[in-house]
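*Asks:* Required output: the full structure, derived from the provided sequences and hints.
Chains as they are written, first to last, in my numbering: chain A, 1 to 388; chain B, 389 to 641.
No lab work stands behind these hints, which were simulated from the structure alone.
Since the structure is predicted, the reported quantities are computational estimates derived from the model, not experimental observations.
Careful, some of the hints might be misleading.
Below, in silico cross-link-like pairs of lysine to any residue (SDA-like), each with a Cα-Cα straight-line distance of 20 Å or less [unchecked claim]: (1) A:Lys-242 <-> B:Lys-592; (2) B:Lys-592 <-> B:Gln-607; (3) B:Lys-603 <-> B:Phe-625; (4) A:Lys-21 <-> A:Leu-41; (5) A:Lys-21 <-> B:Val-624; (6) B:Lys-603 <-> B:Val-466; (7) A:Lys-242 <-> A:Ala-273; (8) A:Lys-242 <-> B:His-446; (9) A:Lys-242 <-> A:Gln-199; (10) B:Lys-627 <-> B:Arg-566; (11) B:Lys-518 <-> A:Arg-262; (12) A:Lys-21 <-> B:His-446; (13) B:Lys-518 <-> A:Asp-234; (14) A:Lys-21 <-> B:Phe-625; (15) B:Lys-518 <-> B:Arg-567; (16) A:Lys-242 <-> B:Arg-567; (17) A:Lys-242 <-> B:Ala-565; (18) B:Lys-627 <-> A:Asp-234; (19) B:Lys-603 <-> A:Ser-22; (20) B:Lys-603 <-> B:Asp-431; (21) B:Lys-603 <-> B:Ser-439; (22) A:Lys-21 <-> A:Gly-99; (23) A:Lys-242 <-> A:Phe-184; (24) B:Lys-518 <-> A:Arg-233; (25) A:Lys-242 <-> A:Gly-202; (26) B:Lys-518 <-> A:Pro-232; (27) B:Lys-592 <-> A:Gly-23.
Ranges between beta-carbon positions, derived for each pair [as the list claims (entries may be wrong)]: (28) B:Ala-523 <-> A:Ser-290: 31 to 41 Å; (29) B:Gln-631 <-> A:Glu-197: 29 to 39 Å; (30) A:Gln-72 <-> B:Ser-498: 55 to 65 Å; (31) B:Ala-523 <-> A:Gly-88: 56 to 66 Å; (32) A:Glu-197 <-> B:Ala-565: 46 to 56 Å; (33) B:Asp-561 <-> A:Gly-202: 26 to 36 Å; (34) B:Glu-604 <-> A:His-36: 26 to 36 Å; (35) B:Gly-544 <-> A:Glu-197: 49 to 59 Å; (36) B:Arg-480 <-> A:Arg-334: 24 to 34 Å; (37) B:Arg-633 <-> A:Pro-45: 13 to 23 Å.
Positions of the beta carbon are idealized from the N, C-alpha and C atoms, including for glycine.
What follows is each chain in one-letter form.
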Amino acid sequence: MTGRIVLLGQEETRLAAEPLKSGGQAAVFPVLGAGHTVVKLYRDPPGPDQERRLERMLAMAPLGGRPVEAAQPPELAWPTALARGPRGEFLGYAMRSFGEPGHVQLVGLFTRAQRLRLFPPRTDWRFLLGVAWNLAFMTVRMHHEGLFVGDFSASNVVVDANGFVTFLDCDSIAFTDAATGEHFPCTMQTPDYSAPERQEGGPATAASDDFALAVLAYQLLTAGNHPFGGVPRDSDSQSTVKDNIASSASYVVRPEDIVVPRGVVDPSVLPPALLELARTAFGPGVLDVSARPSAADWLRALDGERGRVRQCGDRPRHSYGGHLGACPWCARARATGQDAFNPPAAAPAAPVPAAAPGATGAGQPVPVALVAVIVVAVLVLLVVIAAA
Amino acid sequence: MHEQHPRTLPVQYSDIEFENNAQRLPLVLCLDTSSSMNGRPIDTLNEALDSWTHELQHDVGLSYSVEVAVITFGGHGVRAWQGPNPLQPDTRVSPFVPAHAFRAPRFTASGVTLLTEALELAMQIVAARKTELRAAGLQYYRPQICLVTDGLPTDGTGHYTESWRRVVPVLGDEQLARRFRLYAIGVGGITDQGEAVLRELAPKFNARLQGFPFKELLQMMSASASAEQKGAGDEVFEKIFSQFRTQRPAWES
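*Replies:* Rendered as structure tokens:
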């Protein structure tokens with residue numbers, strides 16, 4: 001079964017019948033015979049504003065002219081062509097496909113099981129810190145070019161096996177066209193990552209991106225905990241992340257006011273400089289935009305920590321900030337019985353080089369115990385014989 | 389010598405996973421399994437539920453947020469299921485299962501259409517789940533209840549009953565207070581009268597579909613769940629819902 005034909009530039013292109021993804025506003029279709037290209041078609045006929053926006057975007061080359069490693073995917077899922085119907089009507093646009101398994105939404109890094117299933121086996125805190133750095137770096141770069149992500153969330157960014165990030169849904173980015181001075185606002189937002197001023201209808205700005213970045217960086221550094229998770233002690237029954245943001249209620253800043261889930265990771269896994277930024281972003285910086293740390297502040301602080309990461313000698317996939325004297329993930333596993341990075345069943349079984357030194361014998365506790373029992377039994381027997 | 393690695397606890401403690409602090413999205417499938425669904429319709433439902441379960445498990449955005457509970461009304465009266473297992477009527481066990489761990493029950497069709505009681509149970513388990521989540525410090529998105537039937541509400545003897553009218557005001561108030569979103573969907577040979585009941589129960593999100601398009605119906609529930617996570621406005625849900633409606637024979641009223 002095949003789907004409709006659209007014009008990409010001058011080229012007649014046939015789409016698959018079934019969309020890859022389908023939402024209220026648009027659906028994304030694979031292009032038949034072109035595995036790397038997908039076409040996003042809007043549900044309702046998009047207006048002339050949207051068409052002009054996409055045309056302007058085609059004329060721009062954001063983040064261009066910069067050396068990137070050969071293994072690195074494009075940093076933005078930028079439009080590559082407009083998609084038009086047979087009478088030339090504007091329907092949507094084409095872009096490169098960034099689907100699984102090569103590219104996973106950031107949210108996939110926020111639970112242990114999905115990290116283990118979707119990312120390389122050695123994915124650890126060092127990797128999460130590196131992804132946070134890449135996110136901060138991209139945010140700084142985009143702001144430098146006058147682009148505001150606007151709808152910045154854990155599902156609009158994908159990560160590859162090397163931790164390189166790519167921003168999706170670029171058609172909602174806010175920017176001002178340098179040639180005409182026309183401003184294209186961002187009309188989309190995701191409440192779990194929306195700063196209060198955006199929730200109230202304000203425009204997408206560098207500061208609103210900085211807020212989303214702070215939330216995402218915190219989630220990465222705590223292996224997935226949203227800083228506005230938990231239920232405030234005095235809240236009504238429908239409390240959500242969005243409500244907690246609006247009322248500036250974060251357990252990172254005021255732990256005594258919030259009931260948090262049992263599994264929440266202690267904020268102290270963040271190195272002091274990063275914890276300081278988080279406390280400012282989720283405290284005074286929530287309502288006071290001028291107090292909010294910028295993407296550049298995050299980038300600087302993250303930069304300082306990458307060289308200080310320590311490797312745990314006891315368990316695989318355990319690495320942690322240089323500010324800590326002992327592995328926080330081992331401490332957490334001892335206290336709760338839950339290992340944030342290893343599968344629940346047999347944590348010591350996974351053979352990873354980093355865990356090898358000094359770990360000899362740990363894999364065979366039963367034989368050791370058995371030998372001990374036999375030795376004791378023989379000794380007892382000897383004593384009994386001697387006494388007799 | 390290194391100290392022994394600490395013993396690891398089972399993945400699940402109670403029914404709330406330790407390593408998952410994501411905001412939850414309770415989803416109730418409230419399904420008609422009465423005798424009129426016998427044969428092809430119930431087979432289609434079973435197949436569709438199986439493949440939807442698989443898709444949901446692999447959806448990186450939904451699998452750790454959505455929690456699925458199933459309620460059926462048919463041969464055993466009204467019954468809640470925890471994944472593939474039917475629950476005792478007076479149990480205190482929650483029927484909600486995280487989407488990544490959800491396995492589909494297999495239904496057989498028989499019995500009467502206790503639609504009213506099924507809806508009441510759906511509201512009850514949603515309220516109870518919210519209390520459990522809150523007590524655990526977990527937040528939740530607006531829950532979704534999806535009611536699917538091919539007939540008219542009956543009493544225990546299989547005769548049409550007006551008892552559904554008693555839930556209309558409750559449903560109205562609860563939805564106004566944004567406590568959940570109810571989709572009411574008529575399938576197969578549902579009559580005009582059956583459709584009128586659904587329209588009263590869910591004034592915004594009701595539909596009458598040709599045949600038994602359970603696959604599309606379940607995909608619509610996933611799309612709605614994603615829209616909920618994105619904080620979409622009501623107009624988006626209406627759009628998602630209206631796309632999924634189908635053409636109908638011109639002969640029908």
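*Asks:* Against this structure, judge whether each hint is valid.
*Replies:* Verification of the hints:
1. A:Lys-242 <-> B:Lys-592: 25 Å, violated
2. B:Lys-592 <-> B:Gln-607: Cα-Cα ~19 Å, so holds.
3. B:Lys-603 <-> B:Phe-625: Since the Cα atoms of Lys-603 (chain B) and Phe-625 (chain B) sit roughly 18 Å apart, the hinted pair holds (cutoff 20 Å).
4. A:Lys-21 <-> A:Leu-41: OK: Lys-21 (chain A) and Leu-41 (chain A) at ~11 Å, within 20 Å.
5. A:Lys-21 <-> B:Val-624: 15 Å, holds
6. B:Lys-603 <-> B:Val-466: Violated: Lys-603 (chain B) and Val-466 (chain B) sit about 23 Å apart, past 20 Å.
7. A:Lys-242 <-> A:Ala-273: 26 Å, violated
8. A:Lys-242 <-> B:His-446: Outside the cut-off at roughly 26 Å; violated.
9. A:Lys-242 <-> A:Gln-199: 8 Å, holds
10. B:Lys-627 <-> B:Arg-566: Cα-Cα ~18 Å, so holds.
11. B:Lys-518 <-> A:Arg-262: Holds: Lys-518 (chain B) and Arg-262 (chain A) sit about 17 Å apart, inside 20 Å.
12. A:Lys-21 <-> B:His-446: Holds, because 13 Å separates the two Cα atoms, which is no more than 20 Å.
13. B:Lys-518 <-> A:Asp-234: 16 Å, holds
14. A:Lys-21 <-> B:Phe-625: Within the cut-off at roughly 16 Å; holds.
15. B:Lys-518 <-> B:Arg-567: Satisfied, since the Cα-Cα distance of roughly 10 Å is no more than 20 Å.
16. A:Lys-242 <-> B:Arg-567: 16 Å, holds
17. A:Lys-242 <-> B:Ala-565: 17 Å, holds
18. B:Lys-627 <-> A:Asp-234: 36 Å, violated
19. B:Lys-603 <-> A:Ser-22: Roughly 14 Å between the alpha carbons, so the hint for Lys-603 (chain B) and Ser-22 (chain A) holds.
20. B:Lys-603 <-> B:Asp-431: 12 Å, holds
21. B:Lys-603 <-> B:Ser-439: 8 Å, holds
22. A:Lys-21 <-> A:Gly-99: Satisfied, since the Cα-Cα distance of roughly 10 Å is no more than 20 Å.
23. A:Lys-242 <-> A:Phe-184: 25 Å, violated
24. B:Lys-518 <-> A:Arg-233: 15 Å, holds
25. A:Lys-242 <-> A:Gly-202: Roughly 15 Å separates the two Cα atoms, so the pair holds.
26. B:Lys-518 <-> A:Pro-232: Within the cut-off at roughly 15 Å; holds.
27. B:Lys-592 <-> A:Gly-23: Roughly 19 Å between the alpha carbons, so the hint for Lys-592 (chain B) and Gly-23 (chain A) holds.
28. B:Ala-523 <-> A:Ser-290: 31 to 41 Å: Holds, since Ala-523 (chain B) and Ser-290 (chain A) (Cβ atoms, about 38 Å apart) stay within the stated range.
29. B:Gln-631 <-> A:Glu-197: 29 to 39 Å: About 33 Å separates the Cβ atoms of Gln-631 (chain B) and Glu-197 (chain A), which means 29 to 39 Å holds.
30. A:Gln-72 <-> B:Ser-498: 55 to 65 Å: This hint holds: roughly 59 Å between Cβ atoms.
31. B:Ala-523 <-> A:Gly-88: 56 to 66 Å: Given about 58 Å between the Cβ atoms, the range holds.
32. A:Glu-197 <-> B:Ala-565: 46 to 56 Å: This hint is violated: roughly 27 Å between Cβ atoms.
33. B:Asp-561 <-> A:Gly-202: 26 to 36 Å: Cβ of Asp-561 (chain B) to Cβ of Gly-202 (chain A): about 33 Å, so the range 26 to 36 Å holds.
34. B:Glu-604 <-> A:His-36: 26 to 36 Å: Distance hint for Glu-604 (chain B), His-36 (chain A) holds at roughly 28 Å.
35. B:Gly-544 <-> A:Glu-197: 49 to 59 Å: Because 56 Å falls inside the window, the suggested range holds.
36. B:Arg-480 <-> A:Arg-334: 24 to 34 Å: Since Arg-480 (chain B) and Arg-334 (chain A) have Cβ atoms about 32 Å apart, the given range 24 to 34 Å holds.
37. B:Arg-633 <-> A:Pro-45: 13 to 23 Å: Check passed, 20 Å falls within 13 to 23 Å.
In this structure, the earlier hints numbered 1, 6, 7, 8, 18, 23 and 32 are contradicted, and the remaining ones agree with it.
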